[in-house]
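Colleague: Protein sequences, first through last, are from chains P and L.
Counted from 1, the first sequence has number 36 at position 36 by this note's numbering; the numbering is strictly sequential.
Counted from 1, the second sequence has number 60 at position 60 by this note's numbering; the numbering is strictly sequential.
FYI, nobody ran anything at the bench for these hints, they're computed from the structure.
C-beta atoms are modelled at their ideal positions from N, C-alpha and C, and glycine is treated no differently.
Treat the hints with caution; some may be incorrect.
Facing chain L, a subset of chain P residues (Cβ under 10 Å, in silico) [stated by the list, open to error]:
id	residue
1	2
2	5
3	59
Below, in silico cross-link-like pairs of lysine-lysine (DSBU-like), each with a Cα-Cα straight-line distance of 35 Å or less [unchecked claim]:
id	chain 1	residue 1	chain 2	residue 2
4	L	143	P	23
5	P	24	L	184
6	L	207	P	24
7	P	24	L	37
8	P	24	L	221
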Amino acid sequence: MAIIKIDKTSCKGCDICYAVCPKKIFVRSQNRNQYGTNMPEVVNPENCTYCTMCERMCPDGAILVERGEIIEDED
Amino acid sequence: MNSLFEEYIRKEALPTLFCPGCGNGIVQQAAIRAIDKLGIRENTALVSGIGCSSWIPCYINMDVMHTIHGRALAFATGLKLAQPDKNVMVFTGDGDCLAIGGNHFIHAAGRNIDITVIMINNYIYGMTGGQKSPTTPMNAVTKTSPFGSIDYPLDGCALANTLGASYVARWTTAHPIQLEKSIKEGIETKGFSYIEVLAQCPVQGGKNVYGEKEPAAILRKYRDMAKEGTVSLGVLKSEKTKEEYIERLRKKETL
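Hey, can you work out the whole structure from these sequences and the hints?
Modeller: In structure tokens:
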């Protein structure tokens, strides 16, 4: 499962990440960043396909996508 | 924070002065990724002039020269002649490169000196408050053209192509992977490489220039424009055999 970290000090609340994610795993939240605008929140990170488009398209480099534990099938 | 930003950005200078949704950060990240993949961090110098886009290298923890308005290419030419082993990259905007620095651009491209120019074209003067720039599209309402612009926009890629640059490409901020590949090719090409990036300025440009206000909507519009073919995107010219300025200079020295 992907671990997606959003940096509170870097995020400026430009809403680009909502549009570029093909799986729509970012949703608006009530959390405020240091600019006072709303930050995105991650829901259903297991849908992430590691395309890292959010990481590339974030103008402030606030998003970090890490590969979490890979659960392998026994077969 | 992004792991590459963690490694390359001067954290004491944060936050950046870019407005929320500005395209400059996307170009900055593509350039950092290209430099990181080529492994040329110690051997690269970044030069910039004045403007929003010229602040891009100032946040990168590398050799940076922030110079006077429009003269970034003149400074970069001097730097390249003094230290021919260094890779020189120039970050410049549409006003900096084509308006006040137009003459320097013409001569640097004509000489075909080994510099990689990344021109961030947001169709407007962002830093000074939204005046008309040479690339502003027809009928766009700006602060200095309140009834709509009546000038034909200037095409920087066609100009660089005509003047004989080795590598000419155009991408938008909606194509970060292709942009990174183009910057890599531009650095590797011996000769003048001109990469134009269509970026968004949601604060000063907005609805009057792009037809959309939100940054994500402008990006979507750029992607649609690429699909419809209203702007010519991609690598427009790649001529790797053309002789470069410093090679020609060395030939004269050996005579």
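Colleague: Of all the hints given earlier, name the ones this structure violates by number, lowest first.
Modeller: 1 and 4
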